[in-house]
Amino acid sequence: MGGSGDEGDYARALEAQRRAFEAQFGSLESMGFDDKTKNIEEEGSGSESDLGNSESDNDLSDESVDSELELESESEAGVEVESVKKEVVRKGPKVIKFQESFRDGQFITPSKKEQKLVRSGKTLTQVKKTELKHAMEELDKNEDSDENEELEKENLENDLQLQQFLRESHLLSSLNSGSSTTEAGSGARQTLQNMDSTHSKDITFQDDMLTGKARARTLEMRLNRLSKINGNAHKIGKLEKVPMQIRKGMVKSHVTKINRFEQEAKDGGIVLAKVKKGQFRKIDATYKKDIERRIGTSIKTKDRQRNSMRKRGLKIQSVGRSTRNGLVISKQEIARINGTDKPKQKHKKGRR
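So the sequence shown is numbered by UniProt numbering: it starts at 1 and just counts up by one.
Some hints here could point you the wrong way.
If you anchor each label on the Cβ, the simulated ranges turn out as follows [stated by the list, open to error]:
| # | residue 1 | residue 2 | range |
| --- | --- | --- | --- |
| 1 | Met136 | Ser173 | 50 to 56 Å |
| 2 | Asn325 | Val275 | 55 to 61 Å |
| 3 | Leu226 | Ser145 | 49 to 55 Å |
| 4 | Met136 | Asn158 | 28 to 34 Å |
| 5 | Lys300 | Gly231 | 47 to 53 Å |
| 6 | Ser111 | Ser27 | 47 to 53 Å |
| 7 | Val118 | Ser145 | 34 to 40 Å |
The set of hints was computed from the structure by calculation and includes no laboratory data.
The C-beta atom is built at its ideal place from N, Cα and C for all residues, glycine as well.
Using the sequences and the accompanying hints, generate a full structural model.
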């Protein structure tokens, strides 16, 4: 009896120790080890049942004990299965690498620019400085382009005004060079005086300064220039009705004046501007007498002769035709030069 009591105390102590261990660390079976304390407990329970059978002959008590043991084993097995399931359901730790970035649990792949910056080894401050420098350079380029566009526009306007002034300055100087009272009162001298009276260093030429005959002639010159660009040349080039002999005399005297003017310039070492072939050179007499209204800018008959096709020689030795793409020679001409273009005579057999 004493030995059985010691074994029961030992089993109860082991059971208490097992429960305390499982409460702190979990069951041994879940860790992959065999729990030997359960075998000891089963042996102890078996010995106790034998003693109970010897003392009492009640079979019903043995069946109740066996049913209780089965229920306990089933409950323990259910607890172990639930603990294993909980361990399986547990999520593993997140592994985060340095070359990756997470925002709100989502992975964001780094861009090529970021990867290049990481490989270059530059700091964030250096990157920001370079970006700021590039942005400032782009702003400066945009400002420079705007300034250049405004400057080009202003230069274009100044060039147009300068060309207009040069065209009309010959008219003003020729009208001002006269010594008669009519020419002096034409308005050209007054116009030039108005231009010289400006106290600014830059000479400004405006339409308001033109007065008298000079104003009418300059406006007429501008209208004629515009009409030549946009109008019909045949209608614009019409001259005033003048008798033929008088017109020929006017042309002859004007040509002699031009030749005298060119000879004086040549003797004085002055280089004159080139004139289009066949046209009259514009001199002071051209503007003073407004002679272009009566004789035109050139001699029409000579223009027609110049524009007509030149007389060609005999085409005995000529080969091919000249085009803008070069000399074009046909097969017939090649055969004619080589002497192979003679037609072959076909001998017809007559009837006997």
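The hints, checked one at a time:
no. : hint                         : in the structure
1   : Met136 to Ser173: 50 to 56 Å : holds, 53 Å
2   : Asn325 to Val275: 55 to 61 Å : violated, 33 Å
3   : Leu226 to Ser145: 49 to 55 Å : violated, 33 Å
4   : Met136 to Asn158: 28 to 34 Å : holds, 32 Å
5   : Lys300 to Gly231: 47 to 53 Å : violated, 19 Å
6   : Ser111 to Ser27: 47 to 53 Å  : holds, 51 Å
7   : Val118 to Ser145: 34 to 40 Å : holds, 35 Å
This entry does not satisfy hints 2, 3, 5, going by the numbered hints stated previously.
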